[in-house]
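Asks: Each chain, letter by letter, is given below.
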Amino acid sequence: LAKTTQPISMDSYEGQEVNITCSHNNIATNDYITWYQQFPSQGPRFIIQGYKTKVTNEVASLFIPADRKSSTLSLPRVSLSDTAVYYCLVGAYGGATNKLIFGTGTLLAVQP
Amino acid sequence: EAGVAQSPRYKIIEKRQSVAFWCNPISGHATLYWYQQILGQGPKLLIQFQNNGVVDDSQLPKDRFSAERLKGVDSTLKIQPAKLEDSAVYLCASSFRMGDEQFFGPGTRLTVL
Chain G
24 LAKTTQPISM
34 DSYEGQEVNI
44 TCSHNNIATN
54 DYITWYQQFP
64 SQGPRFIIQG
74 YKTKVTNEVA
84 SLFIPADRKS
94 STLSLPRVSL
104 SDTAVYYCLV
114 GAYGGATNKL
124 IFGTGTLLAV
134 QP
Chain W
2 EAGVAQSPRY
12 KIIEKRQSVA
22 FWCNPISGHA
32 TLYWYQQILG
42 QGPKLLIQFQ
52 NNGVVDDSQL
62 PKDRFSAERL
72 KGVDSTLKIQ
82 PAKLEDSAVY
92 LCASSFRMGD
102 EQFFGPGTRL
112 TVL
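These protein sequence lines map, in sequence, to chains G and W.
Counting in the working numbering, the first sequence runs from 24 upward without gaps.
Counting in the working numbering, the second sequence runs from 2 upward without gaps.
Think about it this way: if two alpha-carbon atoms lie no more than 30 Å apart in a straight line, the pair counts; the simulated DSSO-like pairs of lysine-lysine are:
#: 1; chain 1: W; residue 1: Lys45; chain 2: G; residue 2: Lys77
#: 2; chain 1: G; residue 1: Lys75; chain 2: G; residue 2: Lys92
#: 3; chain 1: W; residue 1: Lys45; chain 2: G; residue 2: Lys92
#: 4; chain 1: W; residue 1: Lys79; chain 2: G; residue 2: Lys26
#: 5; chain 1: W; residue 1: Lys63; chain 2: G; residue 2: Lys26
#: 6; chain 1: W; residue 1: Lys84; chain 2: G; residue 2: Lys26
#: 7; chain 1: G; residue 1: Lys26; chain 2: W; residue 2: Lys45
#: 8; chain 1: G; residue 1: Lys75; chain 2: W; residue 2: Lys45
#: 9; chain 1: W; residue 1: Lys84; chain 2: W; residue 2: Lys63
#: 10; chain 1: W; residue 1: Lys12; chain 2: W; residue 2: Lys72
Since the hints were derived computationally from the structure, they do not count as laboratory data.
Construct the complete structure from the given sequences, taking the supplied hints into account.
Replies: Here it is as structure tokens:
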């Protein structure tokens with residue numbers, strides 16, 4: 024099973040770019056990497072998903088090196104409302120190898 | 002579009018009692034997940050359904066937890082009997098198909114005294 028490791032917390036200021044890295048040394052060939060955001064008393068919310076190289080959407084970018092043993096979530100120009108816990112999720116989908124494992128989460132605190 | 006609905010939002014019970022949680026996924030979503038989230042930890046997958054079949058229940062404590070999705074839509078998670086360590090938020094999520102973005106409900110916060 025792919026185990027993930029993330030920094031427990033990070034601090035940033037409004038307008039800065041934030042990069043949160045997730046380590047997943049035992050990632051399997053058919054595992055995808057997904058990032059979720061969670062605010063207090065709410066369920067997680069999908070941010071971005073990727074398999075390799077770089078993926079970008081309207082809110083974030085996801086960088087995955089060739090060996091896929093880590094991934095980096097990049098949040099451009101954060102605001103106070105981005106203060107939340109960010110989870111890295113590694114898992115294969117379907118079949119006998121289906122395992123979904125959330126990381127420990129990174130608490131991002133954005134200050135004015 | 003309506004999101005994932007869960008009830009109740011909060012539940013307080015004493016140990017050894019039983020409790021049930023209900024989840025109504027987004028219409029048309031074939032995959033449904035139940036997670037347990039203990040305070041300060043990431044969600045842990047308990048069980049995953051594809052329509053009304055179980056895909057993964059390897060982390061479900063089957064001696065006390067059970068779940069069903071009889072018609073491939075709504076789902077119920079039951080704990081019987083509850084232990085103190087079951088105190089957590091129980092999250093339900095759904096996705097259109099396996100591998101797609103998961104949409105989470107607000108969760109049910111369970112306190113076992």
